[in-house]
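Chains as they are written, first to last, in the numbering used here: chain S, 1 to 469; chain Z, 1 to 469.
If you're looking for bench data, these hints aren't it; they were derived computationally from the structure.
Don't take each hint at face value.
Repeated chains share a single entry, so a pair holds when one copy, or any two copies, can fit it.
Derived EDC-like pairs: lysine to aspartate or glutamate, alpha-carbon spacing no greater than 16 angstroms straight-line [to be verified]:
#1 Lys219 - Glu242
#2 Lys239 - Asp102
#3 Lys442 - Asp415
#4 Lys239 - Glu304
#5 Lys442 - Asp179
#6 Lys442 - Glu176
#7 Lys219 - Glu125
#8 Lys219 - Glu292
#9 Lys442 - Asp419
#10 Lys442 - Asp102
2 protein chains.
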Amino acid sequence: MTDAFLDACRAAVGSEHVLTGDQDTAPYLTDWRGRFTGRCRAVLRPADTAQVASLVRLCAGYQVPIVPQGGRTGLVLGSVPDASGTAVVLSLRRLQRIRAIDTFNRTMTVDAGCILYDVQQAALEHGLLFPLSLAAEGSCSIGGNLATNAGGTGVLRYGNTRELCLGLEVVTAQGEVWDSLRGLRKDNTGYDLRDLYIGAEGTLGVITGAVLKLFPQPKAAITALVALASPADALELLKLTESHAGPTLTGYELMSDVCLRLVASHFPELPQPFPERYPQYALLELSSHESEQHGVALLEAAIERALEAGVAQDAVVATSIAQSRALWAIREHIPLAQAAAGNNIKHDISLPISRIADFIDATDARLTHAYPGVQVVCFGHLGDGNLHYNIAPPEGVKHDEFLIEQAAINRIVHDSVADYGGSISAEHGIGALKRDELPRYKSPIELNLMRAVKAALDPLGIMNPGKIL
Amino acid sequence: MTDAFLDACRAAVGSEHVLTGDQDTAPYLTDWRGRFTGRCRAVLRPADTAQVASLVRLCAGYQVPIVPQGGRTGLVLGSVPDASGTAVVLSLRRLQRIRAIDTFNRTMTVDAGCILYDVQQAALEHGLLFPLSLAAEGSCSIGGNLATNAGGTGVLRYGNTRELCLGLEVVTAQGEVWDSLRGLRKDNTGYDLRDLYIGAEGTLGVITGAVLKLFPQPKAAITALVALASPADALELLKLTESHAGPTLTGYELMSDVCLRLVASHFPELPQPFPERYPQYALLELSSHESEQHGVALLEAAIERALEAGVAQDAVVATSIAQSRALWAIREHIPLAQAAAGNNIKHDISLPISRIADFIDATDARLTHAYPGVQVVCFGHLGDGNLHYNIAPPEGVKHDEFLIEQAAINRIVHDSVADYGGSISAEHGIGALKRDELPRYKSPIELNLMRAVKAALDPLGIMNPGKIL
Chain S
1 MTDAFLDACR AAVGSEHVLT GDQDTAPYLT DWRGRFTGRC RAVLRPADTA
51 QVASLVRLCA GYQVPIVPQG GRTGLVLGSV PDASGTAVVL SLRRLQRIRA
101 IDTFNRTMTV DAGCILYDVQ QAALEHGLLF PLSLAAEGSC SIGGNLATNA
151 GGTGVLRYGN TRELCLGLEV VTAQGEVWDS LRGLRKDNTG YDLRDLYIGA
201 EGTLGVITGA VLKLFPQPKA AITALVALAS PADALELLKL TESHAGPTLT
251 GYELMSDVCL RLVASHFPEL PQPFPERYPQ YALLELSSHE SEQHGVALLE
301 AAIERALEAG VAQDAVVATS IAQSRALWAI REHIPLAQAA AGNNIKHDIS
351 LPISRIADFI DATDARLTHA YPGVQVVCFG HLGDGNLHYN IAPPEGVKHD
401 EFLIEQAAIN RIVHDSVADY GGSISAEHGI GALKRDELPR YKSPIELNLM
451 RAVKAALDPL GIMNPGKIL
Chain Z
1 MTDAFLDACR AAVGSEHVLT GDQDTAPYLT DWRGRFTGRC RAVLRPADTA
51 QVASLVRLCA GYQVPIVPQG GRTGLVLGSV PDASGTAVVL SLRRLQRIRA
101 IDTFNRTMTV DAGCILYDVQ QAALEHGLLF PLSLAAEGSC SIGGNLATNA
151 GGTGVLRYGN TRELCLGLEV VTAQGEVWDS LRGLRKDNTG YDLRDLYIGA
201 EGTLGVITGA VLKLFPQPKA AITALVALAS PADALELLKL TESHAGPTLT
251 GYELMSDVCL RLVASHFPEL PQPFPERYPQ YALLELSSHE SEQHGVALLE
301 AAIERALEAG VAQDAVVATS IAQSRALWAI REHIPLAQAA AGNNIKHDIS
351 LPISRIADFI DATDARLTHA YPGVQVVCFG HLGDGNLHYN IAPPEGVKHD
401 EFLIEQAAIN RIVHDSVADY GGSISAEHGI GALKRDELPR YKSPIELNLM
451 RAVKAALDPL GIMNPGKIL
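Bound-form chain S, shown alone (with noise of 0.2 angstroms):
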């Protein structure tokens, strides 16, 4: 059977770099956390920009909707095709180029199949940072941290993703290429197409490449862990540290005492931190470009303060880098301590700092009204006011079961964040995942504004269809 789609596709990047058996599309087909495997037409697999283009039009041209894909690390099915078989994957793994690097302006250029951690390396051969940082970087693609405006533990002190970048290269919805690629601090030529693109999930366009901002590297990295007896205790914690601190405060973390019991159950291996057990703790990581000893110094002076007015409890400040790690790890082991405990109902939100107390109260005593016994597991980077408030079920109730009540769970949670001024997606994004939950918490006019803007970049509709709108 000839396919003139396919055909026109293998000859603009090779029979080889178009897959479509079973066995060859199967790793693009299912999302992260395995919890959806669609069908595609076929995965695409271009080797550069000018193929993206060349595909693009080519899908244009034939109506064939595109699913872009990077290191298919989401957690809302943003980069996985639907059930309908009719997509094709346009997988950026193969553009995988460092561009260059210009130290004197600290910036780097990279193609959006740039692995992060690869990033994150090359920048440290040049003596400089990039500071974003989430669980998937050995994974995930810089131009998927792009396209969903990725957060992760810099973003206090650095920013989003969003933040983080000076310039975009993308294939239009038209399969032009719209260089962008500059490197400016400052630039107010015209509307802001970079953040439009940025955030949106491959909907109105591909990411191709990106200008990234990078930083000069601290000279020292100090982390303390602080024992804690309530979540409103965090946040004076956190605005005494940042007062005290500035833009050193270059993390602050915070986890509930039911997060380390999990992590302890199923790592008992790592250490536990202090004799003694509290409600909550936070994880601070302060950054000093001038000393170790001025970086310890100062982390101590705010904790001793901390302690004095009672908003401290207890408080482990790491002297090696070994121990700073330990303490690290215990925070990025709750998600596996999550996951080897079962399936659980995830939510990743943001709230104003000032009211998470109150929204952790009044949610915890809504959730357990309805479900008395629920386990709240909640985490997450409350210096930017984005908590993982996840639940797991009550004693005796097996995971998979309690996935019944995902939908009746979500609604609790999410009405409860819309109460408190608060986003239902902090950094992952909507995907396909929370697509439906949208216009409950958006108003009409900003739905139709944003379907106007992706009628006007993406007409035909091609560009990731059912993600986000």
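Based on the hints, put chain Z in the right spot on chain S.
Coordinates of chain Z only, in the frame set by chain S:
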């Protein structure tokens, strides 16, 4: 003569806020530098967002063009109407409320008409910092700052206005109110409409309110003036200081000796910082959250190293607030001295930081070749790659007569900017002044994307026509 449109406007906002007499409208029609006076059908002065929406609906219904206006301090003719007299000026000046300050979330919700200085002061009264700072801060409105994505002297550390805004309230071109006054650091729920309206210079809708980011107030700000042999050394000093001081370096301004001589001749009462003259000077500001002593020690150590390395020739570190003000006064008097000298040809440009020294050398040479004896008054926010590269006539040529060369000189400077990968508008925007320049420096692809967005959000084309596109 009755005018149904104006009668409807009067019914919406009260007769006293629909100005039509020449004397009443005159203060709204001339641009800040006094170069252009437009005409209008009326000046409309709504009291609040609801009245803005009513007026925009009327304008849409009667197809009357709208020129949104804040403090009218823009430098690119973005906020004044054209000469046709068909448009209304929509003044936001009566929207003056500071709606809320959340000290714990570090956010302030403001009306678009709030004067920047008042916003800064309101933050200060709560012990916080709103870091946007620019020459017009006593007159410009925050809505205008957002509409033009204003820059200023704090961008190095805190970013442009874009980075200082978390949420917007916008009256769309259809007269609907898009309420997105969210105080969230992370929110990935669809397209970044916020950044689309920011910097759109009122051509897509009317910004009526915003949620602004606030910061901890540093304990001390230390200023130094460093004498340098060349722009290249200014860049070396920037890198050296950034590596040494990290994010405590909050300001880095460049001024040539031509600038200082100009200031000295027009403002002889200002002190001269050095007994000798040097080709270039850098004004540094370092902000410490620890103590004044810490800031001074850090800045002195960096300068000491620069002097040892031969990067710096001499330096003055201010030891009092009065001394610091005196150093900043030199920088702030450059535009005033230029204005006193006569009309000159201004350029607000940005470049990759690594290419600035070469750009200055090459462009100075091109200009001197074309216009022997021409004076380049070059200063700006070097830390952001932003230069105000202004051109005054050779000795003996009258300033006003030299303006005849404006288009030719713009061409030389802007072509050179393009050669070095820069932008022809760093922080002032495009407005009507640079509109005809855009097609020379933007690709047709980018212009078409911008036109598609414009047509999608303002299909009647009533929002600030003739600006940007």
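Structure-based check of all given hints:
{"no.": "1", "hint": "Lys219 - Glu242", "verdict": "between (19 angstroms within a copy, 12 angstroms between copies)"}
{"no.": "2", "hint": "Lys239 - Asp102", "verdict": "between (36 angstroms within a copy, 13 angstroms between copies)"}
{"no.": "3", "hint": "Lys442 - Asp415", "verdict": "within (12 angstroms within a copy, 44 angstroms between copies)"}
{"no.": "4", "hint": "Lys239 - Glu304", "verdict": "within (14 angstroms within a copy, 34 angstroms between copies)"}
{"no.": "5", "hint": "Lys442 - Asp179", "verdict": "between (32 angstroms within a copy, 10 angstroms between copies)"}
{"no.": "6", "hint": "Lys442 - Glu176", "verdict": "between (32 angstroms within a copy, 15 angstroms between copies)"}
{"no.": "7", "hint": "Lys219 - Glu125", "verdict": "within (15 angstroms within a copy, 35 angstroms between copies)"}
{"no.": "8", "hint": "Lys219 - Glu292", "verdict": "within (7 angstroms within a copy, 22 angstroms between copies)"}
{"no.": "9", "hint": "Lys442 - Asp419", "verdict": "within (13 angstroms within a copy, 44 angstroms between copies)"}
{"no.": "10", "hint": "Lys442 - Asp102", "verdict": "neither (41 angstroms within a copy, 23 angstroms between copies)"}
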